[in-house]
Amino acid sequence: MEVKQFFGGLDVPHYKSFSEHKPIKAAPLPEEIVIPLSQHLGAPNEPLVKVGDKVKAGQKIGATDKFVSAPVHASLSGTVTAIEPRIPGQPVDCIVIAVDKEQEEIELADNDVENASKEEIISAIKEAGIVGMGGATFPTSVKLSPPPDKKVDALLLNGCECEPYLTCDHRLMLEKPAELLQGTKLIMKVLDVENAYICIEGNKDDAIEAIRELNDDPRIVLLRMPTKYPQGSEKHLVKAALDREVPSGGLPMDVGTMIQNVGTAVAIYEAVRYNKPLIERVVAVTGQNVQDPQNLMVKIGTPLSVLIEECGGIIEEPAKVIVGGPMTGKAQQTLDVPVMKGTTGVIVLPPDMAIAEMEYNDCVRCCKCVEHCPVLLYPNQISIYCEAGMIKEAMEWNTLDCIECGICSYVCPSKRPITLLVQRTKPLIRNMMSAK
Amino acid sequence: MNDTRKFVISSPPHLKSRDTVSNAMRDVFIALMPVTLVSIYFFRYYAALTIAVCLITAVLTELLFKKLMHKKPQINDWSALLTGLFVALLFQATTPWYKAALATFIAVGIAKELAGGLGWNRFNPALFGRIALIMLAPVYAYVNQWFQPLTIHLGSLDTITQATPLAMLRAGLAMPSVSELFFAFPAGALAEVSPFALILGAAYLFYKGHIGWRIPVSILATMIVLTLITGENPIYHLVTGGIIIGAFFMATDWVTSPMTDKGKIIYGVAIGALIVIFRVGFMITEGVAFAILIMNAFVPMIERATSRPQFGKAKAVAVPMAEKK
Chain A
1 MEVKQFFGGL DVPHYKSFSE HKPIKAAPLP EEIVIPLSQH LGAPNEPLVK VGDKVKAGQK
61 IGATDKFVSA PVHASLSGTV TAIEPRIPGQ PVDCIVIAVD KEQEEIELAD NDVENASKEE
121 IISAIKEAGI VGMGGATFPT SVKLSPPPDK KVDALLLNGC ECEPYLTCDH RLMLEKPAEL
181 LQGTKLIMKV LDVENAYICI EGNKDDAIEA IRELNDDPRI VLLRMPTKYP QGSEKHLVKA
241 ALDREVPSGG LPMDVGTMIQ NVGTAVAIYE AVRYNKPLIE RVVAVTGQNV QDPQNLMVKI
301 GTPLSVLIEE CGGIIEEPAK VIVGGPMTGK AQQTLDVPVM KGTTGVIVLP PDMAIAEMEY
361 NDCVRCCKCV EHCPVLLYPN QISIYCEAGM IKEAMEWNTL DCIECGICSY VCPSKRPITL
421 LVQRTKPLIR NMMSAK
Chain B
437 MNDTRKFVIS SPPHLKSRDT VSNAMRDVFI ALMPVTLVSI YFFRYYAALT IAVCLITAVL
497 TELLFKKLMH KKPQINDWSA LLTGLFVALL FQATTPWYKA ALATFIAVGI AKELAGGLGW
557 NRFNPALFGR IALIMLAPVY AYVNQWFQPL TIHLGSLDTI TQATPLAMLR AGLAMPSVSE
617 LFFAFPAGAL AEVSPFALIL GAAYLFYKGH IGWRIPVSIL ATMIVLTLIT GENPIYHLVT
677 GGIIIGAFFM ATDWVTSPMT DKGKIIYGVA IGALIVIFRV GFMITEGVAF AILIMNAFVP
737 MIERATSRPQ FGKAKAVAVP MAEKK
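Residue numbers (the numbering used here), protein chains in the order written: chain A, 1 to 436; chain B, 437 to 761.
Bound-form chain A, shown alone (with noise of 0.2 Å):
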């Protein structure tokens, strides 16, 4: 099948070579652990443990009656010390657990999965606390859910992870493969499709390659696509698979197909099969500035100190540390912050690459950012206009469209922070719009 290429983009340098080739292993049992109480868009949850309560791993610790949330489950057993706001600027409560030495492996059901109803899947993927996974988190059993107008007949596993370094889908697709595979029928069954799509950038062939020899159902079809920074951003992913084009301010739904990322294709196998609760993920722990870059099995929870010393350390200050890729990631100011369900991977960039806000200058309208624009703006007018606070200017440029996929940023000769100017002008936008 032909794959179509979406206008604009850029091929940024991949860097993922340091930690491609290194084999998912478990990361060391952390002291503590820290649980935001809602790692989730959407409702918050309520604790439904106290401090001072012993939790079993795997048991449920955080919830709520409204739809659009997923449950949280403690990673590992131990003694509940404190329930309060442990992100620094995030005032989400986190349930903060006293680790016990010793860990008894959590009780795994063993399902029929063949046979599993839709209802079934459904409750499992809400029971389990399954968020998506390339690091929206959006819950995955509302997704599922599409309302009743809306039919969906192309289902799109997204495992293209186009930003540079991260590499947890690339090993997740190549060392479990059949669960992936299985995960995707299971998501088949729920959206009523016949047609399924494991989409991945032709830098990751040898997934490619375990995956196809494991696949024998011919609805799911593997798409080799092309290694082009934002592949994996939804909109792009259906154009460039299926050329389908999601009408501005719309979701994937309104072309009838559902994108879904690998890992939470294999966290729903593993929910419906073992009834396992989302309480670990992959995290490549990567960059120029550590010292043994690891893809590491992670329990929720765990603070990347713990991580980043599993993998031998920083090697040089000042660092630059990220949660996410590095095009769309956060920086950090702590390494005290817990992996939570969307973290896709820790990113150490040594001395000269960490760039602190740096001076800019004027635009001088050299248009590489038009040029490169995957959602086709002009970012080079809408920094002006974002700049000097002209919102009615920056929403008739379609600011509102811009998926801060970062490139304009990454371009720019002026060193103009485009994306950042938008981010700061898109909710006076929407407050400019409700107003009227």
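By construction, these hints were calculated from the structure, which means they are not laboratory data. Heads up, the beta-carbon is just placed ideally off N, CA and C, and yes, glycines get one too. Some hints could be false.
[What the hints assert, rightly or not] A short, non-exhaustive set of chain A residues, derived as facing chain B with CB atoms under 10 Å: (1) 7; (2) 8; (3) 10; (4) 15; (5) 319; (6) 370; (7) 371; (8) 397; (9) 404; (10) 409; (11) 413; (12) 415.
Chain A is fixed; fit chain B onto it per the hints.
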């Protein structure tokens, strides 16, 4: 837990390309070196003096205006130097140095700095400076006598008295061969001595990704078609005068050309058409400079008319597959 290490933080993206404005400007400067060297080879110290005066004036003018406007000087972005070099290349070697200096002052000071600095100027600064001197000719004739004593006498040079090929073409004189005109012919403005050297430089800029094909190709194609229609020899028109520097270096100026792809074509076609009208219809000099400056003024209008629809707005969306039976 009591980690007191300080980490660098910033907003994403955390990777940045190595491209900078000063690198790009420096590349354009490099791209102009071949033609600059050819002109110095032909006109010796005449060319060297004009170029030196323009470069120095450009830098001093930027410093002065930044000071007056309480801004930080940005000499190291190469933009002032580049404007200075462009202005120098637009003059003939025999031009009095103070005339070239005045044009540079107007280019950098008025067309660029007073317009808001690099990025905000609507008109190509070098062309603006050059044309301003033509427009100011009556005034200049009056003040010329003050400057007269400042003339630097450099002795005579055979090549500098030659008529420009474009003038020869109009006067119906015997023309030098096309290959002579294309590779190296010592007449006219400094930039006119070798279209070949300019194209070498333009190829470098194209390779570096600083200029695109749309503007130069549409200018040249339009000129070829229109000169053929009017019964002129397009080859002579392409290799004489400021066409090559205009099409590849001036019209492609980032700041003053349209940002839309369709807009670039419209802009190029209009410039090509204006050049032919000026040259063939009105027989005026500096047709290229006038054509580009006039179209500079239309850039915002062209952009508004040709902006592309954003992703998801390009066409109606069709949901394939019908309901399953």
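Structure-based check of all given hints:
no. : hint : in the structure
1   : 7    : holds, 8 Å
2   : 8    : holds, 8 Å
3   : 10   : holds, 9 Å
4   : 15   : holds, 8 Å
5   : 319  : holds, 6 Å
6   : 370  : holds, 5 Å
7   : 371  : holds, 9 Å
8   : 397  : holds, 8 Å
9   : 404  : holds, 8 Å
10  : 409  : holds, 5 Å
11  : 413  : holds, 4 Å
12  : 415  : holds, 7 Å
Hint compliance for this structure: no hint is broken.
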